[in-house]
Structures are given as C-alpha cells and as structure tokens.
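Asks: All chains should be built: construct the whole structure from the sequences, respecting the hints.
As they're listed, the protein sequences go chains A and B.
Sequential numbering from 1 applies to the first sequence in the numbering used here.
Sequential numbering from 1 applies to the second sequence in the numbering used here.
Worth flagging that the hints you see were computed from the coordinates, not collected in a lab.
Bear in mind the structure is a predicted one, so any value in this text is a computation, not a measurement.
Glycine included, every Cβ here is placed at the ideal spot set by N, Cα and C.
Incorrect hints may appear among the rest.
Residues on chain B that point at chain A, a partial pick, calculated with CB under 10 Å [as the list claims (entries may be wrong)]: (1) Gln6; (2) Ala92; (3) Gly105.
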Amino acid sequence: GQNIDQPTEMTATEGAIVQINCTYQTSGFNGLFWYQQHAGEAPTFLSYNVLDGLEEKGRFSSFLSRSKGYSYLLLKELQMKDSASYLCAVRSSRGSYIPTFGRGTSLIVHP
Amino acid sequence: NAGVTQTPKFRILKIGQSMTLQCTQDMNHNYMYWYRQDPGMGLKLIYYSVGAGITDKGEVPNGYNVSRSTTEDFPLRLELAAPSQTSVYFCASGTGDANTEAFFGQGTRLTVV
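Replies: Structure follows, in structure tokens:
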C-alpha cells in the first residue's frame, strides 16, 4: 500500500512564503502531483514531479527527493486567494498508476 | 469545452434508497475515476476504469457499483444508501500517461438521512 503524510493545517501572512511538506512511502513510484482545492470546489492541478529536483511555475514551486520519499510545495508572495487545501498525490506502478491522495493541508492566509 | 460533468450537484437520499451519480467527459480520456471526500480527509478511490468495458475496485468500493459502456460515461451506482455514504463524490478523468494530471468534475454532495 501507500502512505502519504501532510500537515493538517498551516497559517501564513499575505506576501510571505510558505512551504507545505509531503512525505510518502510507496513501491513502484511513478510521480507526485500537487493539487489545489478551494472550499466547495473541485481539485485543480498545480504541479507534477517524477525526477528529483525543483519545478518552478510562477509563484508556485514543487520539489521532489525520491530517495527520501519527500516533496514540498513552495508558495511565494502569498495572496488571500491562496487560502485553500493543498493535496499531495502519488502514482505507483503497484496501484495501476492511479493517484493516491494524502489528507490535504489547509492553508489559511491572513492579512 | 465542458471537461468533466457531474450530475446532480446535490442530493438528499433516505436510507435504503438507490441512485446513480452521472459522470461524463468530452476529452476522450481512457482513464476515469470515482473518489469520495469526507470532511478533513483526502480523496479516497472508490472505482476506476482504464477504458470502455474495463472497471476495477479502488480503496473503498463496498456499497457502490460502476459500469463503463462508453469512453465518455462512467456512472456510479449506490444500491442501498447508508448514512456512511454521506460524502462529496468527485469524478475525474485522465489520459493515464505518466506526466499528465487528472481533471475533476465539480462534485456531487450527497446526504443520506
């Protein structure tokens, strides 16, 4: 099976930088996704990592270390609209390549 | 483009009733998934399909059934609704390729009373 762990909740200030961590245990690792989900809405795709290193996309960056089973999502220049839940999901060849999701991290951005 | 469309958006069921949650996608994706999301929890996979005529169980399949007669449609059936099935249900689709994401419908909020 797969085990994915994220902090339940984080708070940060508008304009600041926040790092959301995700640790996972899986066999047959085949990629890690980050999704954003606003309250009452569907998850939307943010980033994908399959190789070690940092992927940057505007204000959002995602990092992966396969040897450590670790990823983080970095949000810069936080805005109020970034208040949402951030879901880490892992694909595995043992799971028919279907993403398995963590519980999500609820990020609250305050003025 | 409509993407992934789910109906209904909201539904209240009585214990023991049955219903079908509809899901259709217009992106010609082979992979389709049904997840449920309970408060404060992540998405749990109920069933998935890798193509028309092929379905398989996910992590929490008990109490549900699916079919995949066409590429576009992937309905989820609840035969005997129970309070434990109160949840938000998300349908998603994808190509299944390594570096591509899943696209989600807007969800169906189901309450069983």
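Asks: Evaluate each hint against the coordinates.
Replies: Structure-based check of each hint:
1. Gln6: holds, 9 Å
2. Ala92: holds, 8 Å
3. Gly105: holds, 6 Å
Of the numbered hints stated above, none is contradicted by the structure.
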